[in-house]
Each structure stands twice: as structure tokens, then as C-alpha cells.
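Asks: Here's the letter readout for the chains.
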Amino acid sequence: MNFINNFEVALNGIKANKLRSSLTMLGIIIGVAAVIIMISVGQGASKRISDQISSMGSNLLMVSPGAGQGPVRGASGNVNTLTLEDAEAIAGLSMVAGAVPELNTGATIVYENQTWTSQINGTTPGMQVIKDWPVSSGSYFGDDDVQSASLVAVLGQTVVDNLFPPGTDPVGATIRINKLAFTVVGVLSPKGAAMMGQDQDDAVYVPITTVQKRMLGVNNVRTINVQTETQDSMAYVQTSIEELLRERHRITGSKTDDFSVLSLTSVLEAAETATGTMTILLASIAAISLLVGGIGIMNIMLVSVTERTKEIGLRMAVGATESNILNQFLVESVVLCLVGGFTGIITGAAVAWAISKFAGWPTYITLYSILLSAGFSAAIGIFFGYYPAKKAASLDPIEALRFEK
Amino acid sequence: MSGKTVILLENVKKIYQLGETRVFALKGINLTIREGEMVAVMGSSGSGKSTLLNIMGCLDRPTAGIYYLDGENVSQLAKSRLARIRNKRIGFVFQGFNLLGRTTVLANVQLPLIYAGAGKKEMAERAKEALAWVGLSDYLEHYPSQMSGGQQQRVAIARALVNNPSLILADEPTGSLDSKTSIEIMAVIQRLYLEKGITVIIVTHEREISQYCRRLIKLKDGRITEDTPVMNPRNAAEDLAAMPDEGEGQI
Chain A
1 MNFINNFEVA LNGIKANKLR SSLTMLGIII GVAAVIIMIS VGQGASKRIS DQISSMGSNL
61 LMVSPGAGQG PVRGASGNVN TLTLEDAEAI AGLSMVAGAV PELNTGATIV YENQTWTSQI
121 NGTTPGMQVI KDWPVSSGSY FGDDDVQSAS LVAVLGQTVV DNLFPPGTDP VGATIRINKL
181 AFTVVGVLSP KGAAMMGQDQ DDAVYVPITT VQKRMLGVNN VRTINVQTET QDSMAYVQTS
241 IEELLRERHR ITGSKTDDFS VLSLTSVLEA AETATGTMTI LLASIAAISL LVGGIGIMNI
301 MLVSVTERTK EIGLRMAVGA TESNILNQFL VESVVLCLVG GFTGIITGAA VAWAISKFAG
361 WPTYITLYSI LLSAGFSAAI GIFFGYYPAK KAASLDPIEA LRFEK
Chain B
1 MSGKTVILLE NVKKIYQLGE TRVFALKGIN LTIREGEMVA VMGSSGSGKS TLLNIMGCLD
61 RPTAGIYYLD GENVSQLAKS RLARIRNKRI GFVFQGFNLL GRTTVLANVQ LPLIYAGAGK
121 KEMAERAKEA LAWVGLSDYL EHYPSQMSGG QQQRVAIARA LVNNPSLILA DEPTGSLDSK
181 TSIEIMAVIQ RLYLEKGITV IIVTHEREIS QYCRRLIKLK DGRITEDTPV MNPRNAAEDL
241 AAMPDEGEGQ I
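From first to last, the protein sequence lines stand for chains A and B. If you read the first sequence in the numbering used here, its first letter stands for residue 1, the second for the next number, and so on. If you read the second sequence in the numbering used here, its first letter stands for residue 1, the second for the next number, and so on.
Only chain B is shown next, with the shape it has when bound in the complex (with noise of 0.2 Å):
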């Protein structure tokens, strides 16, 4: 794996004060990730995976240490910049899909184009393509409570790519859904790093999720304790392909 580095953590700590408690969600974490990338990150809860996450999304600043995104060290930015840095390099899929409920599909994809301050066309345009990608062009009228989880999930993953991100972050993607749709949805997320190239971090609990991905870290404690290569990584699309064909996918 070559290509120039995405994440560079050094020695990154968060400390939360709680009242008059410290508590140590992360322990001084060093990490690189590189371009194009898969990795999932796992551990149990209050093992700082999530605090991790949150850092590595621009959600949160380092209480000490540094992390380089894409270079620019990012820990120490202004809210402001911190969100302009979300939306034009990082792309967020939920466990609980996090879509508009009263606003149509299409919509739904353009939201970060809004704030990115893109012309009405060019909007519609962009998020058709990553509709599309996705394969849920007949639906851009649809509302998200006429979908499944699993197409729920595509519009999600969709509005994460539709501003060209270097950096797709996925919070349990699959958490909230059947196994069989779950490796629909990892089929996807595969092809968001090669097709597109796009570095994906997964967080997960799920050993069988694990798989798909190429590179495993496991925290413990605040602390990486396992940083390794996944071993006979799995194909989501091939896996898909010798499952009986039932259900509600339609890629």
C-alpha cells in the first residue's frame, strides 16, 4: 500500500473532564492511514473508538498531540474551519443513517453541496452522479421512509461521496441492518476504494464486517493495541453473488 499519507497522528490524548473526574478516552494514539485505504477500527465500547473517530472526523479536538489531515495539521483549528475541512475532505455515514425524513432523496444528497456553496445545477447534477453510483437513480423523488435500510444506507453513503472526499468515515454502517443487506452495504463501501480510491475508516464491532476491510486496528483502554494487515480479505460483491438470490437488494 503506497500513495501519499491521509491521517498522521502523533501522540494524539483526549482527556474529558467530567465533573471533578478525569477520564482518559485516548492515551496518546500514533497512526498513519494512506491514501486509498481500508481499515476497520474496533474495540469495545469505552475503549476511545468512538472518541478516535470523532477526532479523526473533525468532530473534536486533541486535548494534546497533532493530527495531520492530509498534511495540514488540523488539531488545534477554529469550529469554523473545522467544518469547511468536513465538508470538502471528510464523508460521514451513520449507523442510523442520519437522512432528512421530510426531504426527498435527492435532496437528501445535496446537503453538503449547499454548504459548499454550490449553484443549483451543479448541485443536482453532483448528487444524481453519486445517486447513481450508488444505483438508486429511480428513486431521487423518493422520501427515506419509503425506502429500505439498506437503500437508506446507499443515500447516505451517496451524500458522503458526493463532494469528493479524500476521507470516508463509517460509524457502524452496518449496525441497523440484516446480514444479508449489510454486505450489500460493504459491497458498496469496497467499491468506494477501488473504484474511486476514496480512504475508508470503518468502526465496527462486528468481526464478520472486519473482513471486507484491509488493515484492522484494535483499541483498548484509550490505546491501539493491535495494528495489522486483515488476513484473506474478503469480497463483498463476490459474496453477495453466491448467496441465494432473495431479498430486497437490487443493485
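Isolated chain A, as found in the complex (with noise of 0.2 Å):
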């Protein structure tokens, strides 16, 4: 009896019961299809972000007062440690381009008789060219107004949009934030939404001194956004922030840094893991379900010998040996489980393609993803298969001859 022969036995099993067949591929073909479609919504999510965070600009790092561990922790600002001169120093190093210091705050803006609640960011004129955030109309503010801590401020189409009336120019208007009276210089061009969905243009530019001696009244920055000249001494840079801040904030031998420097890189990563914890969270969800199919398999493989136990014995009588009743219950719980497995790829791939189309979420199938359902379903049809095939293969010839439905 050659492979030929055993696969058209199984083949013909499936047939005599398409409606159990189609049944029992069900299981397998949800499950795969959910394996599929988890996969490619966690890796589209994944894709974006990190394509997002590369489109920043990848020769940026960002300093964060506090032993940061990560992006998360490093951004909470406990700990007031960067200074403006720490900024300024950091901007006299070799092959940086420019230090830009932040510091921001939550406001209520108020003109004429409306108000909006936005963000406050202090900052430097480098934010800029940092940014590479051009305005629309008037002009950003420039060194003199840090030197002097002026109330000028550069604002958001989105915050233009919610204060001025349609048409009106606000530049030269004044506008009032924590009841100090600002001239609005300029307004920057829109952005649109950040990776994390935030809305760019919802903020407001100010000297970064004037938040914080006149708003705040503290000496720190939040943060400091440093541009390297080149990608490739972005870990030269590195370093050298480092022994910069370490010296100038006295921290000396095994002393833990007051400070942490990181660069788009590590949040890619940091990123990168956190949507791949998702990716693997759905993906097992799916994987139990295929799980649940695959117990399906067996289940109706049972059935299934059991209501064949005559033909079994007929087979046994008129030759089949042990290994040909294994292996044709095998191929036929194995071929299930294929053909159910590819079915649930296509469906997979249709519905991934339809969650992009029509919910716009982002989707992204990998021939990996392809390759894991294919394989798990066939070692679903081998595994679930084998005892139900192992059951039938040890059966007596002549008590199965005998058995009465």
C-alpha cells in the first residue's frame, strides 16, 4: 500500500461526511483565521509605531533628570536635576547640533471671552530646527526673549482654532495664561496627531525661563532634547552627555546617575517590546482557540472510528495492516486540519485585510504568522489524531466484524 493509496482512503473518508468534515474544520479554520488576524492587528500596531518614532528623526536623544530605566519612568520629573546650563553645556559638546531644554506646564488660556485649556511648553528657539516645525504666519520667538524671560508666545493651529474667530489673524493679539498677559508672535504650521494619537497642535510655545520664573518658579528643565550632527556618533554623544552631567552634578565612582540619556532607539525598542507583548497576548487568546478546535478534531476522530468499527474490521479482513488503519486515520485527521488550516489563513488574511479597509487600524500579515498556523494545524491533525488513529489501528479484526451500531 503506497502513500498514494492511503491519502485517496482519507480523502474518501472526508467525503462520505462533508457535513461533518466541514464541521469539524470549523474549529480549526476560526482558530487559525483568529491566530491570523491577532498577529497581523499586533505587528500593523507595532509597524506604525515604530515607523512613527523612525520618522522622528533618528540622531535625537533625549536627557531626563532621574535614573530612568526606561522612556516611562525617565519622563515623570520627579527628580529636578537638568538645568538650563546643563542644557547650554550640553550644547557646547563636539558633534551636537543643539540642545533644546523643555519644561511644560497645563494652563487655561484665556482671549477676549474665550478659553481654552492647553499645554504650556518653555523651550528654546532650537525647537525648531529640532522639530523641523516651521510657522505659518509671524515669526518664533527668538534668544533675546529666553535672556529676558518674555511674554511672547508661539501658538497651535489647534489652539488658534479654539480662541480666534475664523479668518482673524492672531498675530499682535494678546492672550492671557495664568493671568500674565502674552503677545502671541507667531502660530506654526499643523502637524497632525502624534504616534500616541495626541493632537501636536494642541500646545503653546513660550520661553522656556519665562515658565520658569514666571509661571513656575523653579530652576529645572523637564527635559532636554539633544540633535546629534550625525547618526553615527549618536554613541559618541552619548557618552559624552554622561561625563558632562556626571561632573558637572558631582556624581563619582559607583554613585547612580541623576540623570539618563536615551536615545529614539531604546524607545523604539522599549516600544517594540511593549507591542510585542501584545502581539503574543492576542496570539495566545487566538492559539487557545485553535487549542479548542483541535479538541474538536479528536472528538469527532473518536466519533468517527467508533461509527466505522465494521469498516475497520472489513479492512483489517481483507488485508490492512495495523500501520495502514493508523496511518489513514491519521491522514485523514491531518488532512482536516491543512485543508482547515489554509481555508483559515485565506479567512484570516480577508478579515485582516477588512479591519485595515474598513476600521482603519493597521494591519500587517508576516509569511511568519502563515508559517506558525500552517504548522501548528498540522501538528493539531497529528497530535489530536494519533490516539482516535492509534484506537482504531488496535482494534480485533473480528470483534470489529461483529460490532453492531
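Since the hints were made in silico from the structure, they are not lab data. Please read all numbers here as calculations on a predicted model, not as lab measurements. Hints may be right or wrong, so weigh each one.
Claimed, not checked - Cβ pair distances, simulated, as ranges:
id	chain 1	residue 1	chain 2	residue 2	range
1	B	Tyr68	A	Glu8	35 to 43 Å
2	A	Ser323	B	Tyr68	22 to 30 Å
3	A	Ser323	B	Asn164	44 to 52 Å
4	B	His205	A	Glu404	47 to 55 Å
5	B	Gly119	A	Ser323	18 to 26 Å
6	A	Arg48	B	Gly119	38 to 46 Å
7	B	Gly19	A	Ile346	40 to 48 Å
8	A	Glu8	B	Asn164	20 to 28 Å
9	B	Leu140	A	Glu404	25 to 33 Å
10	A	Leu371	B	Gly119	45 to 53 Å
11	A	Ser284	B	Arg22	31 to 39 Å
12	B	Lys121	A	Gly276	50 to 58 Å
13	B	Leu140	A	Leu371	18 to 26 Å
14	B	Thr104	A	Leu281	23 to 31 Å
As the list claims (entries may be wrong) - Straight-line Cα separation of at most 25 Å, DSS-like style, residue types lysine-lysine; simulated pairs:
id	chain 1	residue 1	chain 2	residue 2
15	A	Lys391	B	Lys121
16	A	Lys15	B	Lys121
17	B	Lys13	B	Lys220
18	A	Lys47	A	Lys255
19	B	Lys79	A	Lys310
20	A	Lys18	A	Lys390
21	A	Lys15	A	Lys255
22	B	Lys88	B	Lys4
23	B	Lys180	B	Lys196
24	B	Lys13	B	Lys218
25	A	Lys15	B	Lys120
26	B	Lys13	B	Lys27
27	A	Lys255	A	Lys18
28	B	Lys128	A	Lys15
29	A	Lys390	B	Lys79
30	B	Lys88	A	Lys310
Glycine residues also receive a C-beta, built at the ideal position from the N, C-alpha and C atoms.
Build the complex: two chains, separate frames, hints provided.
Replies: As C-alpha cells, this is what we get:
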């Protein structure tokens, strides 16, 4: 008995009971489709986040206060160790294109009888360069405004839309933030939503000294964004910043740094870890449904073996060996699983495509998720098909022939 | 009756262990059956005739004693070897036909050839030949459920002979058929040994059926109590010709 014969016998077994076979396959189809959809949604999210992070420019370093372990803790800003002078010192290092300190606070902005709550970002004119963000009207504030802690503000488009009547040019207008009267000197060109969905245009930029002295009464900065001249020099600049700040903050020997330097690469890595975890979580949930589908296969195969006891007895009487019978049922369950698996892959890919088309979520189907599902369904076929097949093969032909339903 | 020995049983015993009790199904059978014989095995239920048939059919192994099939000692062969022997040398005909329901007549007859590893073309040719021999050439693509009992049993006979066995074992082959159809089936079985020289062993409890055989073996309590030639054996084809022309048969 050769393999092709074996395969045909198994196929005939499947064809002989179409409804039952397709219901059995349904479990595998749903399981595999779920795995494909979940992985593609997870991979899509991950791909979008990494695309956005890398589009922000890869030669950026972020210096945050506190011994941060990652971007989240580093940004907490509970430790106030970075100062404007640190930023100036960093800007003086070699291979550094610019160092821009930031300090922000939330505040309500009032123009005539309109109010709007937004984020007030204290920064320096270098911000415009580092973020590559031009003004659409007016101009950015200058270094002298930072020197003198002037009451000048550059508005994001969302703030303008919410405070000023349509068609008015806000440049030159006076707005009040925390009872301080600011003169609007420029409006930033619209930039759109950032990676985590927040509106980047919903912000007001003012000289950092104004926030420090006039609004918060502090001397520290929340973060310093550093742009290096080339991407290759990032590691070098990161080390120089660390050496410089340890010296400036008098940290010697094994004492822990009171600041941390992060590159976008490490932010990217952290984000990828997070989305990777999410993908694994989603895929595991989907894998459970695949497992349930596999148990369904075993269940049906067991019923099928009992139902076909007489057939098995007859096959044995006309010369089928135990391994012939074992192979017949094993091939049957593997074929069920593989056909179910491929149908599931197609269904899953179609649903993933529909999700990105109609719900706007990015999905990304990877070869690896397809191979994983195909391999997994074949393994399920063998694993859950083996016991029923073994049961069939070990039947006694005399008993089996005498079996009555 | 001459020719070489097909079956030689030497003091064959079969003991079943049912929990605490031992059941002696066969208590020492000595039997020789030569090529081209047509033997009826009779006995009441519990006489051991099914056990004897199972052992002769290589479906079961004797507890003690030796079984030579075509001169080969097959009494203690491994299960896979026995499956080979059943495939190559033995054909089975059952009371309940045992055809695969959702499979065509042609595919049913091909079944033993699948396990013999025959090529596709060869399988189809030989199955058609066997079906033509039992007179069912027009039913190749029919399903068993579309056929009468007599026709189904003829499909089963075609399946039994498709692999050119030296021995055909029939377990109550007419047990599910009416008397006229029974004679039709006996006519086909008689042709097996008359035309093809195949040794046929029929287990039956009907005296009329045993009349179509040439030798009668009676079993009781696991022993052979009688082994005689059949006096005035009948010819099924002649009996059939003498019967009024009606019913389903169309050989």
C-alpha cells in the first residue's frame, strides 16, 4: 500500500461525510483565522509605532532627570536635577547640533471671552530646528526673549482654532495665561496627531525662562532634547553627555546617575517590546481557540472510529495492517487540519484586510504568522489524530466485524 | 479429490480467558483440506465453528497446535504478517455483506487490491473482471444501498476473489437472503470451485446449503464429530433453472 493510495482512502473518508468534516474543520478555520488576525493587528500596530518613531528623526537623544530605566520613568520628572545651564553645556559639546531644554505645564488660555486649556511648553528657539516645525504666520520667539523671560507665545493651530474667530490673524493679539498677558508672535503650521494619538497642534510654545520664573518659580528643566550632527556620532555624544553631566552634578565612583540619556533607538526598542508583548498576548488567546478546534478534531475522529468499527474490521480482514489503519485515520485528521488551516489563513488574511480597510487599523500579515498557523494546524492534526487512529488500529478484526451500531 | 493440501490443522486448540474462567472453544482439531474442495462446516452456536473459521482465516491465532496454510506454518505469525496472508491468499464472504456504504461497487471490489499495493489501472481492470465474473458489469458505479441483497452478496464475492486467493471463507453467506436468492448465491460459490478451482469453506446452519457442498464437517463442543462426503450433492445452477422464472435474480 503506497502513500497515494493511503491519501485517497483518507480523502474518501472525508468526502463520505461532508457535513461532519466541514464542521470539524470550522474549529480549525476559526482558530487559525484568529491567530492570523491577532498577529497581523499586533504587527500592524508595532509597525506603525516604529515607523512614526523613526520618522521623528533618528539622531535625537533625550536627557531626562532621574535614573530612568525607560522612557516612562525617565519622563516622570519627579527629580529636578537638570538645569538650563546643563543644556547650554551640552550644546557646547562636539558633534552636537543643538540642545533644546523643555519644561511644560498645563494652563488655561484666555482670549477675550474664549478660554482653552492646553499645554504650555517652555523651550528655546532651537525647538523649531530640532522638530523641523516652521511657523505659518508671524515668527518664532528669539534668544533674547529667552534671556529676558519675555511674555511672548507661539500658538499651535488647534489653540488658534479654539480661541480666535475664523479668519482672524492672531499674531499681535494679547492672550492671558495664568493672569499673565502674552503677546502672540507666531502660529505654527499644522502638524497633526502624534504616534500615541495626541494632537501636537494643541500646544503653546513660550520661552523656557518665562515658564521657570514667571509661571512655576523653579530653576530646573524637564527634559533636554539633543540633536547630534550625524547618526554615527550618537553613541559618542551619549557618552560625552553622561561624562559631562556626572562632572557637573558631582557624581563620582559608583554613585547612581541622577539623569538618563535615551536615544530614539532605545525608545523604539521599548515600544517594540511593548507591542511584541501585546502581539504574543493576542496570539495566545487565539491559540487557545485553535487548541479547542484541535480537541474538536479529536472528538470527531473518536466518533468516526466508533462509527466505522465495522469498516475497520473489514479493511483488516481484506489485508489492511495496523499501520495501514493508523495511517488512514492520521492522514484523515491531518488533511482535515491542513485544509482547515489553509482556509483559516485565507479567511484570516481577508478579515485582516477588511479591518485595515474599514476600521482604519493598520494590519500587517507576516509570513511567519502564516507558517506558524500552518505548522500548528498540521501538528494539531497529528497530535489530536494520533489517539483515535491508534484506537482504530488496535481494534481486533473479529470483534470489529461483529460490531453492530 | 486430489491436489495439494491447502489447510492442515494439527491438534489446534483455542482457549479464551474470560476473567477467571477459561473457555475451551476448540479442543484439538485435526483437519486436512485439499485444493479445490468445497466444504460445509456445521454446528450449533457455541460449537466452535466461528472460532475455527477465524483461525483458518488468519484473523486469530490458535492457543496450541499448528496451522499450515499452503504448506506454511502460520500459527504464530505476527499480526502484520497475518494481514499480508489474508490479503494475498484468503477471501472472505460475510452474512451481512460488509460493503462500504458510501463507496461505489467498483471501489468496494478494489479494496483488497489497495492493500496489495496494486497500481490504479491494474486495480480497475481486475475489479471489473471480477465483477463481470459475478455478472455485475452494469453496476460498477452503483452504491450498495441501490442494490438488492443478492446483488450485494455477489459484489462481496467479487471482492473476495479479486486478489486470486487460494481459499475463500464464507460465514453464513446466505443467512440474510431468501431461499431463491440463496440458491443463486450458492450457484456463484459453486462456480468459484468448479471454474476457478478455489477452495471454498462455508460455515452454515442450513442443511439445504450444505447440500451444495462436497464435504460436510460437523462440530460440537469444540471437536469434529463428523467429517463425511455429501451424499448426492446438488447443483445450484440446475436447481435454479428448474425454478419458476421470477424474482430479482439476473445472473
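Asks: Run every hint past the structure and note whether it holds.
Replies: A quick look at each hint next to the structure:
In this structure the hint that B:Tyr68 and A:Glu8 lie 35 to 43 Å apart at CB holds, the actual value being about 36 Å. Taking 22 to 30 Å as the suggested C-beta distance range, the pair A:Ser323 and B:Tyr68 conforms, at roughly 27 Å. A hinted range of 44 to 52 Å for the beta carbons of A:Ser323 and B:Asn164 is inconsistent with their spacing of about 24 Å. Distance hint check: the CB atoms of B:His205 and A:Glu404 are about 19 Å apart, inconsistent with the given range 47 to 55 Å.
Between B:Gly119 and A:Ser323 the beta carbons are some 21 Å apart, a value that agrees with the proposed interval 18 to 26 Å. About 57 Å separates the C-beta atoms of A:Arg48 and B:Gly119, a value inconsistent with the hinted range of 38 to 46 Å. Separation of B:Gly19 from A:Ile346 is about 55 Å and departs from the stated range, judged on CB atoms against 40 to 48 Å. Look at A:Glu8 against B:Asn164: about 23 Å separates their beta carbons, and that is inside 20 to 28 Å.
Taking 25 to 33 Å as the suggested C-beta distance range, the pair B:Leu140 and A:Glu404 conforms, at roughly 29 Å. At about 36 Å, the beta-carbon gap between A:Leu371 and B:Gly119 misses the expected band of 45 to 53 Å. For A:Ser284 paired with B:Arg22, a C-beta distance near 56 Å fails the hint of 31 to 39 Å. Our hint of 50 to 58 Å for B:Lys121 and A:Gly276 holds, since their Cβ atoms are close to 56 Å apart.
The hinted range of 18 to 26 Å is not satisfied by B:Leu140 and A:Leu371, whose Cβ atoms lie roughly 44 Å apart. Remark: the range hint 23 to 31 Å for B:Thr104 to A:Leu281 is contradicted by a beta-carbon distance near 51 Å. Among the hinted pairs, A:Lys391 with B:Lys121 is inconsistent with the structure: their alpha-carbon atoms are about 33 Å apart, more than 25 Å. For the hint linking A:Lys15 to B:Lys121, the alpha-carbon distance of about 22 Å falls within 25 Å, and the restraint holds.
About 14 Å separates the Cα atoms of B:Lys13 and B:Lys220, which keeps this hinted pair within 25 Å; it holds. Only pairs whose Cα atoms come within 25 Å are accepted, and A:Lys47 paired with A:Lys255 is rejected, the gap being roughly 38 Å. For the hint pairing B:Lys79 with A:Lys310, the CA-to-CA distance comes to about 18 Å; that is within 25 Å, so the pair holds. Between A:Lys18 and A:Lys390, the direct Cα distance comes to roughly 23 Å. Compliance with the 25 Å bound is thereby established for this hinted pair.
Distance check on the hinted pair: A:Lys15 and A:Lys255 sit about 74 Å apart at the alpha-carbon level, beyond 25 Å; violated. Simply put, B:Lys88 and B:Lys4 have alpha-carbon atoms about 18 Å apart, close enough for the 25 Å limit, and the pair holds. About 24 Å separates the Cα atoms of B:Lys180 and B:Lys196, which keeps this hinted pair within 25 Å; it holds. For the hint pairing B:Lys13 with B:Lys218, the CA-to-CA distance comes to about 17 Å; that is within 25 Å, so the pair holds.
The straight-line distance between the Cα atoms of A:Lys15 and B:Lys120 is roughly 19 Å, inside the 25 Å bound, and the hint therefore holds. Proximity of B:Lys13 to B:Lys27 is assessed by CA-CA distance (about 5 Å); at most 25 Å being required, the pair is judged to hold. Taking the CA atoms of A:Lys255 and A:Lys18, the gap is near 72 Å; set against the 25 Å cutoff, the hint is violated. With a C-alpha separation of about 23 Å, the suggested pairing of B:Lys128 with A:Lys15 holds against the 25 Å cut-off.
Restraint check for A:Lys390 and B:Lys79: satisfied, since their Cα atoms lie roughly 15 Å apart, inside the 25 Å limit. With a C-alpha separation of about 21 Å, the suggested pair B:Lys88 and A:Lys310 falls inside the 25 Å cut-off, and the hint holds.
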